[in-house]
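**Q** Protein chains in written order, with the numbering used here: chain U, 1 to 204; chain P, 1 to 400.
Calculated from the structure, these hints are not laboratory results. Hints are supplied without guarantee of correctness; some may be wrong.
Unchecked claim - Heads up, simulated SDA-like pairs for lysine to any residue below, C-alpha to C-alpha not over 25 Å straight-line:
(1) P:Lys169 - U:Leu112
(2) P:Lys169 - U:Gly114
(3) P:Lys169 - U:Ser175
(4) P:Lys169 - U:Arg119
(5) P:Lys169 - U:Glu179
(6) P:Lys169 - U:Thr174
(7) P:Lys169 - U:Arg115
(8) P:Lys169 - U:Ser110
(9) P:Lys55 - P:Pro228
(10) P:Lys169 - U:Ala123
(11) P:Lys169 - U:Ile116
(12) P:Lys169 - U:Trp121
(13) P:Lys169 - U:Pro176
Here the structure is a predicted model, which means the values were calculated and not measured.
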Amino acid sequence: MTSIAFWYLIRATGLVSLVLMTATIVLGVVVQRQRRLPGLPRFGAVALHRSVSLVSALLLAVHVVTAVVDSYVGIPAVAAVVPFTSGWRPAGIGLGALAVELMVVIVASSLLRGRIPHRLWRAVHWTSYLLWPLAFVHGLMTGTDLGSGWPLVLALGCAAVVGGTTAVAWIGRTSPPAERAPAALASSSAALHHGTHVAVFRNR
Amino acid sequence: MTSVLSTSGLFAAPGPGLPEHRATFGPLPVADPVQLTAAAELTGRGGAGFPTAVKLRSVAAAAAAGRRAPVLIGNGAEGEPASAKDAVLLSRAPHLVLDGLAVLARALGAADVVLAAPARLLPGLAARLAERSDGAAVRLHPTGDGFLAGEESALVAAVEGADPLPRSKLVPIRERGVGGRPTLVQNVETLARLALLARGDREAAGRTLVTRRSQVNHAGRTDVVDMPLGTPLGEVLRVDGAVRAVLVGGYHGTWLPAAVAGELPLDRAGLEPVGATLGAGVLAALPTDRCGLRETARVVGYLAASSAGQCGPCLNGLPRIAAALQVLARREAPPPQLLTDLWRWCGLLPDRGACRHPDGTVRLVASALGVFGPELRLHASGRCSATTARPFLPVAGAGR
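Full structure from sequences and hints, please.
**A** What follows is the structure in structure tokens.
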């Protein structure tokens, strides 16, 4: 393959992986808030969240392999896993290596979900909020044309979406169990007394 | 103030101190609790009535299989507001409870021995522990006054330092409890009876403590009695013309009409035909000047607010049921579908939670709707047979 084709491939897989990571975060918050996507049952949102994240991981793998194989810039294979050992833009590539490792840990923990303690899975899953900024800053530092034009608009758009989604997730955190029973009782009593339909309890 | 009426069996000692305990009961012999409880067929006094020997054997087996020393917890949490027997036992005869813990700890080789009790009882218990030579081995743990505080897995969670919420029974407590170790949880009354069995008292397993709640001269009275199993209810609790119905077993128990309740023997064989169990040993005689529906509505409202908030049946079912009972307790015709909906919700709850809270509450509601059926019709026509709105059954741990 010619060098320019490699560059296109690296850039394309990187950008699309970032977009899919953004979609993964949005879908993850949809799952956390027990909402549905229009036309799909609730397990559809869960399944999409898994599939999209796995596709983004696959694209990430292609991105890393292509970047190492490409001889135009000198990125040794070890730089993909050991941070800051690259000859070219060590800082930016280093952040990418950290992102790759974090992605591997998150995906592995989710594939092993049910076999590892639930608290461990949750703790690892929360670090996906760290994964996105790592990938984003890596893109800004190593993306050769991310400084202007449509790639910048795309990246900033993804950043805005992730920021807004994170805010929604933070504000709508689940209430601790001790508060749920009185809340459920209050809303059910009010609804029954007014003769309105008693809704299914939403844990928010 | 809760009084104790019998001075035999568990309350034979004149005082709670160690000298009186030794003088009345003698020293604690070395004993094999598994053999003792199996021979005497001792069952647990925490409400479930599970055979104690089976529980002891399974914890010992789990400890041997996993090669981890078990944890022993004496359960004095008594989350049931209407029950007072555990608090009275821990105040009046704590050394029997501590003897029971000592026997089990020695036999099981327990790594950790915990006595869980409400915080207000702990100073007294600490003083009793100080009197004993083996007192340092027992750790005291304060429990809250939530209804679920005494549930086995909630208690294990509390002892571990987490929120006192019931956990899934997929891996039972007897295999993995406090700190991952096999854990044995025994009600304090069971422990006290084991201490009597160890001393050769063969009647101990055939008796049980009962909390009686009644109204005498327009004042509520609560006391605790040590009675033989199988005693007719009418001999333990006065059921006369001034009593409308009897609540047997506590807030997860059953209402029984006064006419039927009097002759019932208070044991499993006598209560099962009417769908009741002795449970935590609460017998409450509802006076005729109170409304059974209003009392039940208050209790179920408390039960709905006391749920752990973890499972669908308690978060979706109990609030609806509690709200529906509030509507039925009013002196007005209810919406036409309400009773049908209430029965449907009751049918949806059993066997679907991490613990038996929804099951027990539904049993109480179903028995109330049956026993107070005439009251339902009266309310629908705008009347009520009660002459006072004063509450009879306690809720929220206040005013036991």
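**Q** Indicate, hint by hint, whether the structure satisfies it.
**A** Going down the list of hints, with the structure as the test:
Between the alpha carbons of Lys169 of chain P and Leu112 of chain U the distance comes to roughly 22 Å, so the proposed pair stays at or under 25 Å and holds. A hinted pair counts as satisfied when its Cα atoms are at most 25 Å apart, and Lys169 of chain P with Gly114 of chain U qualifies at roughly 16 Å. Restraint check for Lys169 of chain P and Ser175 of chain U: satisfied, since their Cα atoms lie roughly 24 Å apart, inside the 25 Å limit. Restraint check for Lys169 of chain P and Arg119 of chain U: the C-alpha separation of about 18 Å stays at or below 25 Å, so the hint holds.
Between Lys169 of chain P and Glu179 of chain U, the direct Cα distance comes to roughly 23 Å. Compliance with the 25 Å bound is thereby established for this hinted pair. Simply put, Lys169 of chain P and Thr174 of chain U have alpha-carbon atoms about 24 Å apart, close enough for the 25 Å limit, and the pair holds. A threshold of 25 Å between alpha carbons decides the hint, and for Lys169 of chain P with Arg115 of chain U the separation of about 17 Å falls inside it, so the pair holds. With a CA separation close to 24 Å, the supplied pair Lys169 of chain P and Ser110 of chain U stays within the 25 Å bound.
This hinted pair checks out: Lys55 of chain P and Pro228 of chain P have alpha carbons roughly 23 Å apart, not beyond 25 Å. Proximity of Lys169 of chain P to Ala123 of chain U is assessed by CA-CA distance (about 24 Å); at most 25 Å being required, the pair is judged to hold. For a cut-off of 25 Å, the pair hint linking Lys169 of chain P to Ile116 of chain U stands: about 18 Å separates their Cα positions. Distance hint between Lys169 of chain P and Trp121 of chain U is fulfilled; the C-alpha atoms sit about 21 Å from each other, no more than 25 Å.
This hinted pair checks out: Lys169 of chain P and Pro176 of chain U have alpha carbons roughly 21 Å apart, not beyond 25 Å.
Comparing the model with each earlier hint shows no violations; every hint is respected.
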